Amino acid sequence: MNLKETDIKDFLRRYSVAMILLIMVISLSLFSWRFLRPANLINISLQTSIVAIVAIGMTFTILTGGIDLSVGSVMALCGALASGCIVRNGFPIYTAILLALIIGVGIGFLNGLLIVKGNIPPFVATLAVMAISRGLTLVYTQGRPISGMGDDFVYWGSGKIGVLPVPVIILFIIFLISYIILRHTRFGLHIYAIGGNEETARLAGINNDKSKIFVYMISSFTAALAGILLTARLWSAQPNAGVGLELEAIAATVLGGTSLMGGYGGTGGTVVGAFIMGVLANGLNLLEITADYQRVIKGIIFILAVMFDIYTKKEKKKG
Amino acid sequence: MIEQNNFILSMENIIKIFPGVTALDDVTFRAEFGEIHALVGENGAGKSTLMKVLAGINSPDSGSINLDSEIVEIGSPGKAQSLGISMIHQELALIPYLTVGQNIYLGREPHRKIKTFIDWKKLYKQAKVQLSRLDMDIDPKTLVVNIPIAQQQMVEVAKALSINAKIIVMDEPTSALTDKETKILFRVMRHLKDQGITILYISHRLEEIFEIADRVTVLRDGFHISTSIISDISSDDIVKMMVGRELGDLYPKKNVPQNECVLEVKGLSSGKLLNNISFHLNKGEVLGISGLIGAGRTELARALFGIDTFDHGEIFINGDSVRIRSPREAISMGLGFLTEDRKEQGLFLGMSVRENITISVLKEFSSFGFPFFSKLKTLTEKFIKQMNIRTPNIHQKVKNLSGGNQQKVLIARWLNLNPRVLILDEPTRGIDVGAKAEIYTLIDRLAGDGVGIIMISSELPEIIGISDRVIVIREGSITGEFSREELSQDKIMQCAATGGIDES
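Taken in order, these protein sequences are the chains called G and S.
So that you can map any letter, position 190 of the first sequence is 190 in my numbering, and since no number is skipped, the others follow by simple counting.
Each number in my numbering comes from the position in the second sequence (counting from 1) with 1000 added on.
Note that these hints are calculated values from the structure, not bench results.
Possibly wrong hints are sitting among the right ones.
[To be verified] Each computed DSSO-like pair below joins lysine-lysine, with the alpha-carbon atoms no more than 30 Å apart:
| hint | chain 1 | residue 1 | chain 2 | residue 2 |
| --- | --- | --- | --- | --- |
| 1 | S | Lys-1266 | S | Lys-1183 |
| 2 | G | Lys-210 | S | Lys-1193 |
| 3 | S | Lys-1079 | S | Lys-1193 |
| 4 | G | Lys-117 | S | Lys-1079 |
| 5 | S | Lys-1283 | S | Lys-1491 |
| 6 | S | Lys-1180 | S | Lys-1343 |
| 7 | S | Lys-1240 | G | Lys-210 |
| 8 | S | Lys-1125 | S | Lys-1166 |
| 9 | S | Lys-1180 | S | Lys-1141 |
| 10 | S | Lys-1377 | G | Lys-210 |
| 11 | S | Lys-1122 | G | Lys-210 |
| 12 | S | Lys-1166 | S | Lys-1121 |
| 13 | S | Lys-1375 | S | Lys-1385 |
| 14 | S | Lys-1272 | S | Lys-1253 |
| 15 | S | Lys-1385 | S | Lys-1253 |
| 16 | S | Lys-1183 | S | Lys-1113 |
| 17 | G | Lys-117 | S | Lys-1166 |
| 18 | G | Lys-117 | S | Lys-1397 |
| 19 | S | Lys-1253 | S | Lys-1240 |
| 20 | S | Lys-1283 | S | Lys-1253 |
| 21 | S | Lys-1375 | S | Lys-1272 |
| 22 | S | Lys-1079 | G | Lys-210 |
| 23 | S | Lys-1180 | S | Lys-1079 |
| 24 | G | Lys-117 | S | Lys-1115 |
| 25 | S | Lys-1375 | S | Lys-1363 |
| 26 | S | Lys-1385 | S | Lys-1363 |
| 27 | S | Lys-1254 | S | Lys-1399 |
| 28 | S | Lys-1385 | S | Lys-1399 |
| 29 | S | Lys-1272 | S | Lys-1254 |
| 30 | S | Lys-1141 | G | Lys-210 |
| 31 | S | Lys-1193 | S | Lys-1166 |
| 32 | G | Lys-117 | S | Lys-1399 |
Since we're looking at a predicted model, the values are computed, not measured.
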């Protein structure tokens, strides 16, 4: 009897988000005939894929009980760096992309060092790095968009393989890698362990510091990658790209069932969470609700998702 | 040198200094192959510190450690494990949202050819074997959060066994176990001993030590006091060495309850947790609530105190029917609740003794939000003196006090509010004999002042020693009630475990 109840709760906790997404898709397709058109669906997945890629990296940090607020700025900085290197310095595009990714990972390393060695809470450390990265982006771009990167670069954001946009395929690959890391590697298990109980993890001989630094490097890597894809999709690097994106990435993560307290969740839910946000935005567009109101609604959904997380945790403790 | 081989472990002249206190002062400790060696002492005596040095958690300031007659440097928990030293910590330290198997092999996961990847099949197969060594028939794929505390404790043991340790340190492993589980644990311990594994066993329960240990070492205030073969020593000797003085009667029972009912509960029910609970409590009475862990004792206290809601039932205070919907209301009606977990639910560990004691009465002692510090100081000093709280000054942070003194600080906070009823949930858990005696005296004195006391405890000698009356709870129902004269351990255990005494 008892076991069954916990099974049902686990099931609900695990799949409720997927069901919400399904219900949203069904009701939106009833509301608006445009919703289910292939062009619209592909558009949603293209828009979602960039947030989802960032959110996957964010999930790693949140699983350890941390957070990464710098992702939006890192996106902008790395997008701008890649474009700038091509347009201003004439670098070959893959050299430029590689350089931007390396710098992105470097920022993650810095985040990790500040948190682990500097003992600064993740919230504060990444908030500071967020300001620094945004500032550097504005300095580097002089506040103006950079464009003219050429078709080969733009392909990564706007091209298609078959019917699928390239960023969607990249999202799929990133998700697959993240899934393997979290479910099948020792590093992945240790991420959950650290989020669950840091002291226990340390006593079990796990190198917490190394794992945590690595987690922030992953988060910055996905942010840098998303920044490059976004730049390629928009054909230009915007100095204010990714403003507020950390909220969307955190919301997607929490909506996807990953606990903000760490130790529970996964990237599968995060991708579904990101799609909920994407479908919602699209639906609100179709219903002709303005972007300003959409922000309000997103904020409310974020709060509800966090409340749901806390509520189910409490139930667990009682039972 | 050959005769020294009898010792698997010798820790020589260990000194460990923490800021402000010498935790270990030139302690030498030796353990033989395949013995169960108990380590006793009051809190702060240095037992845990000594074991943490052995487990690589604390590094000693001086001294050497010999393992198998070889000098070793134990720099980290990982190193300790690789040397075959495993420690089960006092506080449960499993990771709730990982499975049992993942917890057992955390940090030592069986891997595939490429070391990065975990071999899940192998992990769960091995975990199953470890669990069956402890007679545990649970699926290693169960999440730890879904199994009861007692089973979690056994998982800790399985975890320690799984590293094929030569030395296993157990720091109060039975504090959350039922008698039955304790028996299983003891059987496993003897079995391990026969295999030549050395077990270092920290416990506050002397009966257990006499049941299981071969030798016993007493520490006091960071010094090594004695090491003896268990049959050469009596319980009284141990206690004397632990506290360094003669201990009076552990249970001072002077007070007689009055005939006036202060709290009455009628038909309290809450889901599956509590079922038709009725009892009364008189002024100046100590009512013991006994039962196994998870029987519903804490749930009853939480419902009374307005923390959890209940479905049916009535509560009367001084004869008036009352509704208690929050702890705030409970406090205003004169209830106090000393929670089971003082660190998580009671104390502000990073705050001072004064702040902890006076936080409940700040309002009365301030004007326009500004506290009168001199009055708070006087009040705090009064309690420190009255309750014999051992602290260097009123500004000491509570986390630096011993468990017993922390508990006294918490009780002082409640006394500030002059409660009519004080609920104590496991008030002596994890505190040493000396401090226990002081808390019992305190309880008796409070009862003498007319406070009604509800005392929840898993320790039978304690509940028998201190209570005027005892009710036993099993699976959410009252299965027995005994006056002081009728009390015996057997009767309580029978009610707690099987649901009542044969009435035929």
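Going down the list of hints, with the structure as the test:
1. S:Lys-1266 <-> S:Lys-1183: violated, 37 Å
2. G:Lys-210 <-> S:Lys-1193: Since the Cα atoms of G:Lys-210 and S:Lys-1193 sit roughly 38 Å apart, the hinted pair is violated (cutoff 30 Å).
3. S:Lys-1079 <-> S:Lys-1193: Satisfied, since the Cα-Cα distance of roughly 23 Å is no more than 30 Å.
4. G:Lys-117 <-> S:Lys-1079: Since the Cα atoms of G:Lys-117 and S:Lys-1079 sit roughly 22 Å apart, the hinted pair holds (cutoff 30 Å).
5. S:Lys-1283 <-> S:Lys-1491: Judged against 30 Å, a Cα distance of about 26 Å means the pair holds.
6. S:Lys-1180 <-> S:Lys-1343: holds, 28 Å
7. S:Lys-1240 <-> G:Lys-210: violated, 48 Å
8. S:Lys-1125 <-> S:Lys-1166: holds, 23 Å
9. S:Lys-1180 <-> S:Lys-1141: holds, 24 Å
10. S:Lys-1377 <-> G:Lys-210: Given pair S:Lys-1377, G:Lys-210 is violated - Cα atoms ~46 Å apart, limit 30 Å.
11. S:Lys-1122 <-> G:Lys-210: Judged against 30 Å, a Cα distance of about 26 Å means the pair holds.
12. S:Lys-1166 <-> S:Lys-1121: holds, 27 Å
13. S:Lys-1375 <-> S:Lys-1385: Holds, at about 15 Å.
14. S:Lys-1272 <-> S:Lys-1253: violated, 36 Å
15. S:Lys-1385 <-> S:Lys-1253: Since the Cα atoms of S:Lys-1385 and S:Lys-1253 sit roughly 22 Å apart, the hinted pair holds (cutoff 30 Å).
16. S:Lys-1183 <-> S:Lys-1113: With a Cα-Cα distance of about 41 Å, the restraint between S:Lys-1183 and S:Lys-1113 is violated, given a limit of 30 Å.
17. G:Lys-117 <-> S:Lys-1166: violated, 35 Å
18. G:Lys-117 <-> S:Lys-1397: OK: G:Lys-117 and S:Lys-1397 at ~26 Å, within 30 Å.
19. S:Lys-1253 <-> S:Lys-1240: holds, 21 Å
20. S:Lys-1283 <-> S:Lys-1253: Holds: S:Lys-1283 and S:Lys-1253 sit about 16 Å apart, inside 30 Å.
21. S:Lys-1375 <-> S:Lys-1272: violated, 47 Å
22. S:Lys-1079 <-> G:Lys-210: Holds: S:Lys-1079 and G:Lys-210 sit about 17 Å apart, inside 30 Å.
23. S:Lys-1180 <-> S:Lys-1079: With a Cα-Cα distance of about 34 Å, the restraint between S:Lys-1180 and S:Lys-1079 is violated, given a limit of 30 Å.
24. G:Lys-117 <-> S:Lys-1115: holds, 27 Å
25. S:Lys-1375 <-> S:Lys-1363: Judged against 30 Å, a Cα distance of about 12 Å means the pair holds.
26. S:Lys-1385 <-> S:Lys-1363: holds, 23 Å
27. S:Lys-1254 <-> S:Lys-1399: Given that 30 Å is the threshold and the Cα spacing comes to 33 Å, the pair is violated.
28. S:Lys-1385 <-> S:Lys-1399: holds, 20 Å
29. S:Lys-1272 <-> S:Lys-1254: violated, 39 Å
30. S:Lys-1141 <-> G:Lys-210: Measuring from Cα to Cα gives roughly 28 Å; hence the hint holds.
31. S:Lys-1193 <-> S:Lys-1166: Status holds; Cα separation ~10 Å.
32. G:Lys-117 <-> S:Lys-1399: holds, 25 Å
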